[in-house]
Amino acid sequence: MSGLGNPGRTLGRVAASGSLAAVALVVTITIGLVGVPPDAAQGDVQRIMYVHVPSAWLAYLAFFVTLVGGVRYLWRRNLAWDRVAAASAEIGLVFTGVAILSGAIWGKATWGKWWDWDPRLTTTAILFLIYAGYLLLRASIVDRHRRARLSAVLGVVGFVNVPIVHFSVLWWRGLHQAPTVIRPGDPTIDHLLLAVLMANVASFTLLYAWLLRRRIELETLRDRTEITLEPSP
Amino acid sequence: MSLAADVAALAAKDIRIELRTRQASGAAAALGAIALVLVGLAVGPDADRLRQLAPSVIWIALLFATVTVADRFERIDRADDAFSALWLVAADRRAIYLAKVVSLTLVLGLLQVGLWLLAVALLNLSLRVELLALLPIIWLTAWSTASVGALALALVSAAAHRMLLLPVVLLPLLVPTLVAGVGASVALLDGRIADAAGWGTILLIEAALFCGLGILLYEAAAAPE
Amino acid sequence: MHSVSDTSRPGIFLRATNLTKLYGETVALWSVDLAARGGELVAVLGPNASGKTTLLRILAGLTAPTGGRISWSGSGAGRPRIAYVGHATHLFEALTPLENLELAARLAGRDPRLAVELLGRLGIEASAGRRCAGLSAGTLRRVALGRALATAPDALILDEPFASLDAAAADVVVEVLAGAGREGRLVVVATHDDARSRTLATKSVWLSGGRVAPPDSRTTGTLRLA
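Protein chains in written order, with numbering that gives the first Met the number 0: chain S, 0 to 232; chain U, 0 to 224; chain Z, 0 to 225.
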């Protein structure tokens with residue numbers, strides 16, 4: 000993932016994976032919107048699940064990639080890995096926003112309120128704040144290697160925080176007996192709906208991969224317009 | 000010199016400077032007290048409501064005071080670039096981090112004790128024997144907060160707009176500590192000792208984890224180059 | 000008890016090759032080589048913005064070069080003990096000079112009682128017990144040097160050590176630096192002070208525009224009489 004290679008060939012590959020992602024998305028979302036029956040209890044509004052769940056999954060995946068990119072940068076000081084980490088964090092932040100928004104809409108329609116301090120939503124909100132901080136930190140440091148190093152540290156600490164936040168809020172809410180709500184992953188979800196959901200997760204993942212690749216290429220191009228000398232070994 | 004001796008020397012330096020200038024603790028105490036008074040005003044005279052909200056209010060006041068304290072402590076080292084000298088002379092640079100954790104823990108712990116005493120008066124908390132059990136909770140929270148804070152300080156010190164960036168980076172990372180601290184104190188005030196002990200264990204794990212992460216990552220975060 | 004004049008030290012050797020530092024498109028330093036050993040006194044000379052500070056910070060390890068490499072050898076186990084005094088004082092202003100030096104000595108694994116002796120050598124023992132915040136710039140420059148020496152460094156890197164000093168104080172510093180050289184430490188000094196550097200230095204590096212200056216274009220930026 001460290002270079003552009005032959006631009007023409009690369010663009011060809013990019014276009015191909017973009018088209019694949021686009022086709023997959025259109026197909027799976029269409030199926031989700033019109034191809035399967037609505038949920039027995041919630042009705043049509045439950046279809047938002049096909050956007051909400053994949054977005055949340057992608058957010059966590061993206062931030063995991065940020066963690067890996069950061070650790071690999073710290074290990075070898077190769078800026079290519081920093082570009083991966085940063086690109087993934089940006090995309091992750093967008094998907095986190097989509098997850099929160101879609102979750103709020105879903106919540107309003109089913110619970111009657113825009114927000115509920117349940118562990119998953121709360122963790123996602125904190126996640127948003129942590130990675131917004133990550134990008135703000137990056138934006139305020141000029142030196143590339145220093146920026147990469149500091150972001151990597153924050154990427155590690157931020158990601159470790161995520162499960163801790165989740166469990167903390169889970170136990171906290173446990174004390175208050177939060178009302179249970181039908182959630183995806185609930186074993187009683189219809190098998191067909193689950194299959195469609197998984198298909199959407201897959202197509203969203205293709206979208207993520209394509210976005211990641213484009214973002215990294217953009218950043219690589221930007222880096223190459225600067226006069227640079229990598230420190231010789 | 001050994002790591003422990005270096006940590007002691009550096010922490011003593013922070014404490015000595017703080018005692019002489021009272022910059023960090025003064026600002027933090029003022030901020031914390033103002034927060035308590037304002038919330039007391041806003042919530043109104045209902046004794047039960049005040050008592051219920053007390054732990055949350057104290058911990059929120061503490062979080063914001065933490066940003067002030069952390070920033071002031073960082074200025075001790077950054078003014079006149081004293082940090083570069085420490086960085087070059089320290090045999091083990093993790094000593095710089097651990098010393099910061101020690102001195103921050105001390106100041107944040109004492110600040111909390113003060114806030115709780117103030118809350119007894121302003122927010123109508125009754126003094127009970129169980130409140131003594133608050134002391135370990137206070138020190139664990141202080142340790143956890145200090146561990147995250149010292150690392151966050153290292154991250155933002157290089158950045159432009161450090162004072163704006165510090166709360167943005169630090170506060171979301173302190174959420175687990177906040178939740179556990181509030182959980183423990185609410186449980187104590189309700190007399191649920193077992194629950195409080197559970198939260199206390201969580202706090203201990205968090206503090207150890209964040210301190211461990213800080214020890215691992217500090218050099219990468221703080222290197223001047 | 001350790002004396003500050005510790006002459007039984009292994010020889011430290013510095014080799015820096017092709018040092019380059021770019022800030023975006025600005026060339027702060029370009030392809031600078033330097034080799035020196037303990038006991039030598041290297042003067043880095045040149046006008047303002049010639050790259051002296053950048054070079055010194057890179058040698059001290061406080062700034063990462065964009066290109067080139069530095070190697071230190073002969074310091075025994077671990078990294079070489081380097082002391083740096085830049086334009087800032089690197090002191091804790093709420094502490095006294097004595098406290099600053101004692102802390103530095105402790106962290107370096109040295110006897111803190113060295114601090115008193117050092118302050119005496121630098122002629123500032125009278126200010127030893129007053130907080131640094133209340134001291135003059137000239138006194139602080141000497142305290143800063145004292146702090147650096149208190150760590151018993153293998154290499155002493157100083158940026159404009161004579162700035163803010165009157166003639167008498169500057170002479171004291173010259174003597175202290177010469178003493179450091181005799182003790183086997185490597186001393187690197189960036190300065191405008193042409194005269195003192197000539198008396199002090201065993202080796203000179205002239206910079207101009209970030210590059211090593213050719214002999215005919217060497218200047219410290221001061222007005223010269225023909």
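Among these hints, one or two may not hold up.
Unchecked claim - Cross-link-like lysine to any residue pairs, in silico, SDA-like; alpha carbons within 25 Å at most:
(1) S:Lys107 to S:Arg119
(2) S:Lys112 to S:Trp171
(3) S:Lys112 to U:Leu52
(4) S:Lys112 to S:Leu134
(5) Z:Lys202 to Z:Gly10
(6) S:Lys112 to U:Leu203
Unchecked claim - Computed Cβ-Cβ distance ranges for the label pairs, DEER-style:
(7) S:Val33 to U:Asp45: 46 to 56 Å
(8) U:His160 to S:Lys112: 34 to 44 Å
(9) Z:Asn47 to S:Trp113: 54 to 64 Å
(10) U:Arg77 to S:Asp43: 55 to 65 Å
To be verified - Residues of chain S placed beyond 10 Å of chain U at every Cβ, according to the derived structure:
(11) Pro36
(12) Gly42
(13) Ala103
(14) Thr109
(15) Gly111
(16) Ile140
These are calculated hints, taken from the structure and not from any lab test. By construction, the Cβ of each residue, glycine as well, lies at the ideal position given by its N, Cα and C atoms.
Evaluated hints:
1. S:Lys107 to S:Arg119: Holds. Lys107 (chain S) to Arg119 (chain S) sits at ~16 Å (cutoff 25 Å).
2. S:Lys112 to S:Trp171: Given pair Lys112 (chain S), Trp171 (chain S) holds - Cα atoms ~20 Å apart, limit 25 Å.
3. S:Lys112 to U:Leu52: holds (23 Å)
4. S:Lys112 to S:Leu134: violated (30 Å)
5. Z:Lys202 to Z:Gly10: holds (17 Å)
6. S:Lys112 to U:Leu203: At roughly 35 Å apart (the allowed maximum being 25 Å), Leu203 (chain U) and Lys112 (chain S) break the hint.
7. S:Val33 to U:Asp45: 46 to 56 Å: holds (53 Å)
8. U:His160 to S:Lys112: 34 to 44 Å: holds (36 Å)
9. Z:Asn47 to S:Trp113: 54 to 64 Å: holds (60 Å)
10. U:Arg77 to S:Asp43: 55 to 65 Å: holds (57 Å)
11. Pro36: Non-interface label stands for Pro36 (chain S): nearest chain U Cβ at 40 Å, farther than 10 Å.
12. Gly42: holds (34 Å)
13. Ala103: holds (19 Å)
14. Thr109: holds (26 Å)
15. Gly111: Non-interface label on Gly111 (chain S) holds, nearest chain U Cβ at 25 Å vs cutoff 10 Å.
16. Ile140: Its Cβ does come within 10 Å of chain U, the nearest being 6 Å, so this is violated.
Hint violations for this structure: numbers 4, 6 and 16, all remaining hints satisfied.
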